[in-house]
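Undergrad: Sequence:
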Amino acid sequence: MPRNATRIAVDEGSGTLVVFDNRGERLGLMDRDAFSSFERRGSGACTSLGADEVQKLPGWSKLVDMANDYWGDNDRQIATNDDEYPDYPASVCATNDQVDLTVNGDPECTTQSQSTGGDFSGTSGTVALQQTEGTSYTLETTTNRQASVALGVSTEVKMGIPEILDVTVGTSLTTTVTNSQGTTQSATNNQQTTSTVTVSQLDGQTCKLDFTSKTCTTKGSGSLPFVATGWVWFQYKKKTHDHWLWALNMDVILDESDRSMNLDFNSIVSTDTRSQYNVVCE
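Residues 1 to 282 (the UniProt record's numbering) make up the sequence shown, in order.
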């Protein structure tokens, strides 16, 4: 399929496809079983796009206007994924791009001083103390507005967590999001590291590690785009421009924003940061 092909017609006599560009110039003929060249660039989970769903896309009116200009607004039916032309389908896919969270309000934090002991051998000698430093992240997302396409589809999403002042640096984690109202899912990313501190402990002493534990909860939100791709079929009751069956290529005619619908979600980022270790022997 030529990259500049915007519309095709079915030649009912031969079963071949007549290919046209955006100016209506004929680009040639293709066998009906020739592979369609639309691409899914780095897409997440995908599903078929129904005829009712395609009419909910932001750019649907542009497709209708184009069809009316080309072939008139005569009696017709809208279809996608025609069984007789499986190589010219329509689908919708979750984006594979990172989705960045927006922080809503200030984080709620609690700071505590804690202690940890270790393993000691003998009445005097050394004690091994374990210290854990860094931040552990837990992300919880709840779908508060589902997209009108790809209902019920679940997909893995790389979420970008921004830098939160006095809480954490920016990071990311992968979680699952479901296009279903009210669905809540969670994921963790533990970036804490554990090391051993060896301390000389005298007879009668007890050594421990004092450290600070800071737990924070930050509310936020984000949007996950579902992007449509492929062909929309216009099935006319009477021949128009010598054909009953025409199709438009969404990928060429519409930009991505006109082919996209968003799933909106609320988020809660919970962090546990451990730092400021100090050895105390008493």
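Think of the hints as simulated: they come from the structure by calculation, not from any bench.
Don't take each hint at face value.
What follows is a list of derived Cβ distance ranges for each label pair [what the hints assert, rightly or not]:
id	residue 1	residue 2	range
1	P58	D242	46 to 52 Å
2	D166	G125	39 to 45 Å
3	W244	D52	54 to 60 Å
4	N278	S257	49 to 55 Å
5	N278	N144	41 to 47 Å
6	T142	P58	23 to 29 Å
7	G160	T111	21 to 27 Å
As a list, the in silico PhoX-like pairs of lysine-lysine whose alpha-carbon atoms are at most 25 Å apart [said to hold, decoys possible]:
id	residue 1	residue 2
8	K158	K219
9	K62	K239
10	K62	K237
11	K238	K62
12	K219	K56
Remember, it's a predicted structure, so these values are computed and weren't measured experimentally.
We put the CB at the ideal spot given by N, CA and C, even for glycine.
Undergrad: Which of the numbered hints above does this structure break?
TA: 1, 3 and 12
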